[in-house]
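Based on the provided sequences and hints, a complete structural model is requested.
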Amino acid sequence: MVARMSARALRTALSAGVAGLMLAQPLAAQSVWDRPVLNFLGVPGILDMPTAHPMRDADLAYSLSAQSSAIRNTLYFQITPHISGVFRYAQQFDYATTGDQYDRSFDLLFHVAEETELRPAITVGLQDFGGTGIYAGEYIVATKTFGRLRATAGLGWGRYGSFNGFENPLGFFADRFTTRPDQTGGITETGRLDADHWFRGDAALFGGVQYALNDRTILMAEYSSDAYEGEVSRDVFERRSPLNFGITYRARRNLDVSLAYLYGSTVAVNLSYVFNPKDPNRRPGGLEGAPTPVAVRGPSAADLGWSTNSTTLTNLRSQAQAALESIGVELDAMRLEGRRATVRLRNGTYPNNAQMIGRSARVLTNILPASVETIVIEPVGGTGLSGSRVTLQRSDLEELEYAADGSWDSFARARLEDAYPHADLDPLAGVYPRFRYGFGPYAEATYFDPGTPVRLDFGLEAHASYEPYAGLIFSGQVKQRLSGNRGDLPESNSTIQRVRSDAGLYAREGVTALSHLTAAQYFRPGKNLYGRVTVGYLETMYGGVSAEVLWKPVESNLGFGVEVNHVRQRDFDQGFGFQSYEVTTGHASVYYQGNNGFHYQLDLGRYLGGDWGGTLTVDREFRNGVKVGAFATLTDIPFEDFGEGSFDKGIRIEVPLSVITGRPSTAKLARTLRPVTRDGGARLNVGGRLYESVRDHHQAGLQGEWGKFWR
Amino acid sequence: MTLRSAALGLLAVAMLAGCSNDGSGLGTLRASLASLGASRAAPVDPSSVVTPEFLAQQTEPLIYAELPDRGAQSGLTLVRRSGDVALWAAADGISVALERGVLTATRGLGGDLMSAELSEVQSAIRGQRSRAVRVMRYLDGEDQEVLRSFICDYARRSEPADTLAGRFPAIRVDEDCAGLDTQFVNTYWINGGIMRKSRQWVGPFVGFLTMERLVD
Numbered sequence: 001m002v003a004r005m006s007a008r009a010l011r012t013a014l015s016a017g018v019a020g021l022m023l024a025q026p027l028a029a030q031s032v033w034d035r036p037v038l039n040f041l042g043v044p045g046i047l048d049m050p051t052a053h054p055m056r057d058a059d060l061a062y063s064l065s066a067q068s069s070a071i072r073n074t075l076y077f078q079i080t081p082h083i084s085g086v087f088r089y090a091q092q093f094d095y096a097t098t099g100d101q102y103d104r105s106f107d108l109l110f111h112v113a114e115e116t117e118l119r120p121a122i123t124v125g126l127q128d129f130g131g132t133g134i135y136a137g138e139y140i141v142a143t144k145t146f147g148r149l150r151a152t153a154g155l156g157w158g159r160y161g162s163f164n165g166f167e168n169p170l171g172f173f174a175d176r177f178t179t180r181p182d183q184t185g186g187i188t189e190t191g192r193l194d195a196d197h198w199f200r201g202d203a204a205l206f207g208g209v210q211y212a213l214n215d216r217t218i219l220m221a222e223y224s225s226d227a228y229e230g231e232v233s234r235d236v237f238e239r240r241s242p243l244n245f246g247i248t249y250r251a252r253r254n255l256d257v258s259l260a261y262l263y264g265s266t267v268a269v270n271l272s273y274v275f276n277p278k279d280p281n282r283r284p285g286g287l288e289g290a291p292t293p294v295a296v297r298g299p300s301a302a303d304l305g306w307s308t309n310s311t312t313l314t315n316l317r318s319q320a321q322a323a324l325e326s327i328g329v330e331l332d333a334m335r336l337e338g339r340r341a342t343v344r345l346r347n348g349t350y351p352n353n354a355q356m357i358g359r360s361a362r363v364l365t366n367i368l369p370a371s372v373e374t375i376v377i378e379p380v381g382g383t384g385l386s387g388s389r390v391t392l393q394r395s396d397l398e399e400l401e402y403a404a405d406g407s408w409d410s411f412a413r414a415r416l417e418d419a420y421p422h423a424d425l426d427p428l429a430g431v432y433p434r435f436r437y438g439f440g441p442y443a444e445a446t447y448f449d450p451g452t453p454v455r456l457d458f459g460l461e462a463h464a465s466y467e468p469y470a471g472l473i474f475s476g477q478v479k480q481r482l483s484g485n486r487g488d489l490p491e492s493n494s495t496i497q498r499v500r501s502d503a504g505l506y507a508r509e510g511v512t513a514l515s516h517l518t519a520a521q522y523f524r525p526g527k528n529l530y531g532r533v534t535v536g537y538l539e540t541m542y543g544g545v546s547a548e549v550l551w552k553p554v555e556s557n558l559g560f561g562v563e564v565n566h567v568r569q570r571d572f573d574q575g576f577g578f579q580s581y582e583v584t585t586g587h588a589s590v591y592y593q594g595n596n597g598f599h600y601q602l603d604l605g606r607y608l609g610g611d612w613g614g615t616l617t618v619d620r621e622f623r624n625g626v627k628v629g630a631f632a633t634l635t636d637i638p639f640e641d642f643g644e645g646s647f648d649k650g651i652r653i654e655v656p657l658s659v660i661t662g663r664p665s666t667a668k669l670a671r672t673l674r675p676v677t678r679d680g681g682a683r684l685n686v687g688g689r690l691y692e693s694v695r696d697h698h699q700a701g702l703q704g705e706w707g708k709f710w711r
Numbered sequence: 712m713t714l715r716s717a718a719l720g721l722l723a724v725a726m727l728a729g730c731s732n733d734g735s736g737l738g739t740l741r742a743s744l745a746s747l748g749a750s751r752a753a754p755v756d757p758s759s760v761v762t763p764e765f766l767a768q769q770t771e772p773l774i775y776a777e778l779p780d781r782g783a784q785s786g787l788t789l790v791r792r793s794g795d796v797a798l799w800a801a802a803d804g805i806s807v808a809l810e811r812g813v814l815t816a817t818r819g820l821g822g823d824l825m826s827a828e829l830s831e832v833q834s835a836i837r838g839q840r841s842r843a844v845r846v847m848r849y850l851d852g853e854d855q856e857v858l859r860s861f862i863c864d865y866a867r868r869s870e871p872a873d874t875l876a877g878r879f880p881a882i883r884v885d886e887d888c889a890g891l892d893t894q895f896v897n898t899y900w901i902n903g904g905i906m907r908k909s910r911q912w913v914g915p916f917v918g919f920l921t922m923e924r925l926v927d
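In order, the protein sequence lines correspond to chains A and B.
Numbering (the numbering used here) for the first sequence: 1 to 711.
Numbering (the numbering used here) for the second sequence: 712 to 927.
Among the clues, some could well be false.
What the hints assert, rightly or not - Just some of the chain B residues that point at chain A, by a computed CB distance under 10 angstroms:
| no. | residue |
| --- | --- |
| 1 | Q769 |
| 2 | E771 |
| 3 | R792 |
| 4 | S806 |
| 5 | V807 |
| 6 | A816 |
| 7 | G819 |
| 8 | D864 |
| 9 | D887 |
Simulated from the structure, these hints should not be mistaken for lab results.
Think of the CB as a built atom: it goes at the ideal place given N, C-alpha and C, for glycine as much as any other residue.
Following this line, the structure appears as structure tokens:
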């Protein structure tokens, strides 16, 4: 980890700092355009039309807009400074005789040119490129800023080419561009990429202006090329005029409210909230209290006699255990020698492992006799096995505590290696067997079924785990549902083996449910190798055997894994019984930690339905633990057989609680959102997979976190 | 399922106190969230607390510190000395490290000064040079280290230090620092080898820290 002094880093830090210090004061005049206004479709825009400026890198924005034809929820993520992705969930009123339609759509925006003195910003957008097509449209738009005024003009196709359209200029290149196929495939043809529809059909011009009245208020007017054909034909909506007018008020640094009068006929409201994982709160570095300082040894001669005295050794071990417990770290095992101390530590408190290592090392300097020069820390993850071995020299700790370059130097001088062969450390008395339990309320949700956006179940759960020794874990969880409507999910209409789409049946009949009951053995088959075997009721719907091997060297950004499972489908009542469907599934996986926080995972193999294929997952990971990612699975199940959605895909977001509160916590808020859950590309949901628990203790993880070693 | 029964269900479930021995559960979640709404005590006039009788009773070194931009006040007690650096701590988990009286690190403030390069600054404060480079390090929102460096100019004159512990003859040093986007002025009053009083900029999220030495 290198100390960065780029102008960008300074500017970012400063702008965040200024905003943090001066909460109630208005934004500076120039900064009203720091962040574009989000429009009623949740992308940077005016009202219904888009504009060309991107949000700041890594901005994650949620917008909620309501008008007479629809309520739209949109999640916008600035994936890179030039690419952004959108997931939209809209409730279209009176869509069909059956009532409202809940529509899911994905957008991709390419910000091809930044605004300069002479040139406007230019963006190419693909709206609803793979959904049911209600919002399908493509556009190219340019925006230029003139002081307080921003002017936008664009050319659109599809929905954006529906009002006052003219023959497609791209027809000059190929005749096929002049016509656009209808989205008439029906519900089973949704979810495909529809790439051969893009930029086809009539095109139309749109544009608008935005004027910043003051630091917080922006006036807007636009000419919309969206004819709302569908809504007008269903009499949900009256389009009297192509002109829209609106006003946006920036209530907070990250909260905007907009009010608009659209199409001469309807009033609409929009609320948008922006969260940036790189700048999540006003207390960077966290609010946790000061760490234990390093105890600097005096110049006296180091006495070695203590290391043979068993009473002293026992006392030192219990002192270390108590002191580490007071900072929220569990001491599993320890070996004390004349010049070297080795400890195995379990971190239940700090989301940042480097911080746990740094604080634990400093606590130990206050306890260990002066002759101990080398401190070796083995952090233990959920598997009970050490993830790596970090070797620190006590003199370095004494020297670098207040050194200006202490953070980088301490990392450079630390030695990080594979904790193999397994070091034979003496466990502390009372640590094993380890029994942990908990019970409390729970809430479980499923999203996006055709009937309603969210279905919820509430109830009580109890869980327990028993570890007779490091590496063997028995665990289980029981849930008692008290109330909820997840069981009301309509019956699956899947034409292929129902491996996941019976979720409603499991929810309905599993009133008292055994969520999982497993025995898992973790082991180290060799250097850089990690292994797992899990047996039992592995998840809500399946039980059997799961085995996995992972190759992941400590210093490598690349990992390979193989997992094989043989499972049987469980009874719908989530009790001890099984149904007859049995399947062998398995995957070979490649994990790659890329640049700029991007993480890639490719899994190839056989899924629960017996289908063969692969899953690609791309996550953008931030060093404070926030993750935003997307995945898609393609298998040999034909799109028609898969049904609505055509193939399995989704987005996932993970935010550690510590990022929101500023206080250390290992709890995380995590959600995986799939527009549709069906039976193709379904993977076994077994807990305790190796990669996630191992990677946090390897170089890529620790190096990114090392800034907090002295924190 | 009606909205009402959903709300009742949620309420009933939320009221049940969860229990665990593994650090999970509602209890820890509640504690974490409680910090979000923590309120601040009203400011107290320090001279009403720091009376001559109070000072006469003190046996350990003591500093009175204020964060004027946050309205926070505290006493700091000496925890440890490590070479030139003295570590002082406040009651609520906040610590301040001073290298010969000049701020070199803080912890627990949120937006802490992680470390500082002060070798030129120390010479300049003692009159051995008139210009110095000051480098200060912080963590950003992703827990990555970021640097801010400043060029500082110094002015010295004789001015007594008016502190809660009395008036001492001192040399006042004004340190005028300019960086890429920030500018601040630190002030020190030094008497003998002791920093009697100072006003030092911590960082963009904290603002200034003023300190007065009460007990040596």
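* Asked: Which hint numbers doesn't this structure obey?
  -> 1, 2, 8 and 9
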